[in-house]
Amino acid sequence: MNTIFNTIKRSFQSAGLLLLLLIPVNVYAQDTVGDLMDRAIAFGIDQERIVEIQQRAEARGLSEQEFMNILQPAIEMAGENLPYEMIFEKVFEGLSKGVPAQRMTPVLSSIRENASRSAQLVDRWMERPEVGQFVERGDGRMQRDQFRNEMIKAGSKAIMQNIDEEILTETLNSVSDGNMDRIRPSGLLAAINILSDLPNGASSATQNAKLVLRALQSGFEAGDMQKLPAALNMAQRRSQLPAAAVGKGFMEQLERGFPSERILQNMFNGEIGGGPPGNVPGGIKNNRPGRPGGN
Amino acid sequence: MKKWMILLIGLLFIPIDVFSQDWDALLFLDGRTGYTSNTYLNPMLSEWSRENTTGYATLTPIGNIFLSKGQFSVDLTSGGAYSQFTDERDAWSSLFILLNSNYRINERWGLGVETGGSSYSMQSDRSVYWVQPVLSFSPSLFTRVNLKAGSSFRKLNFEDQADASGFDQFNNYALELETWPTFRWQLKVGVFGDLNNPAESLGARASSDINLHRNWDINLRTGIERYRFQIMTEGGGGGGFPPGGNPGNQTTTTEEADILYRISAGVKYRINSILEASVSTDYLNYYSTVTEESVSDVHASIGFRVTLFNGSRHTDEANVELRQNAKQTILLNLKYNGEGHLYILGDFNDWQKPGISLVKQRRNRYAAQLSLDSGAYEYKILLVEGDAEKWLELSEDTFTVNDGFGGENGLIIID
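Protein chains in written order, with my numbering: chain F, -17 to 277; chain B, -8 to 406.
Quick caveat, the hints were computed from the structure, so don't treat them as lab data. Mixed in with the good hints, there may be bad ones.
[What the hints assert, rightly or not] Below, simulated EDC-like cross-link-like pairs (lysine to aspartate or glutamate); rule was C-alpha separation at most 20 Å, straight line:
id, chain 1, residue 1, chain 2, residue 2
1, B, LYS344, F, GLU40
2, F, LYS79, B, ASP249
3, B, LYS259, B, ASP208
4, F, LYS79, B, ASP378
5, F, LYS79, B, GLU167
6, F, LYS79, B, GLU380
7, F, LYS79, B, GLU384
8, F, LYS79, B, ASP208
9, B, LYS326, B, GLU384
10, B, LYS344, F, GLU30
11, F, LYS79, B, ASP394
12, B, LYS344, F, GLU71
13, B, LYS179, B, GLU167
14, B, LYS146, B, GLU38
15, B, LYS344, F, GLU34
[Unchecked claim] Quick list of simulated restraints, FRET-style, between CB atoms:
id, chain 1, residue 1, chain 2, residue 2, range
16, F, SER92, B, PHE295, 32 to 38 Å
17, B, THR170, F, THR87, 52 to 58 Å
18, B, VAL375, F, VAL33, 52 to 58 Å
19, F, GLY201, B, ASN206, 29 to 35 Å
20, F, GLU148, B, LEU168, 41 to 47 Å
21, B, TYR260, F, SER92, 48 to 54 Å
22, F, THR14, B, GLY329, 43 to 49 Å
[Unchecked claim] From the structure, some residues in chain F lie toward chain B, with a derived Cβ separation under 7 Å:
id, residue
23, GLU75
24, VAL89
25, SER91
26, MET124
27, ILE141
By construction, the Cβ of each residue, glycine as well, lies at the ideal position given by its N, Cα and C atoms.
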């Protein structure tokens, strides 16, 4: 009798425990938009931003569940002190471009995941004292938190374009190991952004990382950096040389200390190579007979 | 001969169609006015005439297109020149086409063909065609050596002097070196001559282009050209006169060489991305080894060059140029050929349509000024035509990032 009682008691206890475990899952599944917004606000997300997204989502005909799906990654990022504005920007962009919610969701998940990976390496790098001095040097207008967020965004985009995290880490470490006097925060941001756009992209990432590092140390600013992919790609087309050879030639020029503007201009002009035009006989003639071209 | 010209042009276009994958095109108008004591000094006239010292004005539209696919590339240049003179001579006009094709065998070696033709209409009609295979060697990215050998053909036609008309073939060779000793200095040197008489016809030229400061360039050129001839003179018949002179029916052969020395200097100033001004001076000395005649000629000119088109594949794409000033504002200039209103929108305005309007500056140029906080912003250009909206693709020269949705966004980075 006692055994039967104990069995029944244990069964009830197990069922109770199971019920307790199920409660939060059930509660989460039934999260309302209001609950989600409360959590977002609790994590410090501006309420007006959420309302703005909600209104635009409604205007585009998104369901409540779809709205919650696009809000969820931003809340998770806010909870991990990641730049959740990336999600909002992508959502606004997607809504403006008419991208269906089901196509937006995986992109947002990917941003959330890559931002997390990017933040790990950026935060480690920013702990270095020389980086702290670089950010606080004051010649750029970006504050430390903003610079961190922008670097995480840039790193996240690079990872999304298959740039290896190890190469990103090495690039950042090489930047801080070297002379940072001529580097501006915006130039560094641009350098990370262009990594995947240089000739051969991710497959030449190590070589490209060295190239942007050298360009940064030579005083390339953000605007110069952004012109670099097109300039190198055109130089490669014009010279018909492998990307590595063009990159090598570019680095040789940097080592000689030429200003970025001139280097880019020459690459665009395709002046590397060329040569004298085909020879056209001058057509000398005079009145003496017997001479070629003569009368 | 015109049929040949048409055929040549037709043949030149065949490989372009086959090979073209990427292209860059340039169209510009060159204007020049000056004074010359020998039209040979003007590269666009390039015809020996020192009969009248004259002032001139020449207008030269020139187009260039570069096509490439894999290791093949084709560089085609074509244009015309029209010259008016201040003396009584009639205007000169010409057409020309040059086609250089190249196959990159490996990182150091290349093989190609340079070919082209020109046709002049002046006191006489002159047509020149040439073809020469080229072997190139690049010991480094900034140095190249070319070895060329080929033939050129010249046809002269005088309407009123049939006996002066004729057809000549020249077999030429050239060895050229182009290098960049520093990034501001381009140096070209070359030797060239006649394959039938390589040593005695040997000539040389050297040119140097130096960037003095941002928009200022100077160029210096020098060269020596030698033209060696055998002049055959037939003696008079019947024993000749005076007595003791040459026996009758004897041919006298005289060796003669014309030697031309030239030196020139010029300055170019780029006023902006489409307009360039230049001044140049040239000096030429002609010396004949037989007559020991020595004459000097000079040429001075001022000119301008307007770039009418400079673009690449996908001409319907928008080409965006960004410039930041010190007040955290971005000046955006956009080149677009098409109708409708253009707007820019992006992260800076939460992609709110229609966005910030771009103001039309002139025919295909638009501009906007954006005041932004420091950071990076993705953007896109929206074209609105009536009720229709279209996102413009950005050109290859505009830096873009993947938008994650299968498209590309531009990127603004501001300090």
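Hint by hint, where does the structure go against what was stated? Just the numbers, ascending. Checked against the structure, the hints that fail are numbers 2, 5, 8, 16, 18, 19, 25 and 27, while the rest are satisfied.
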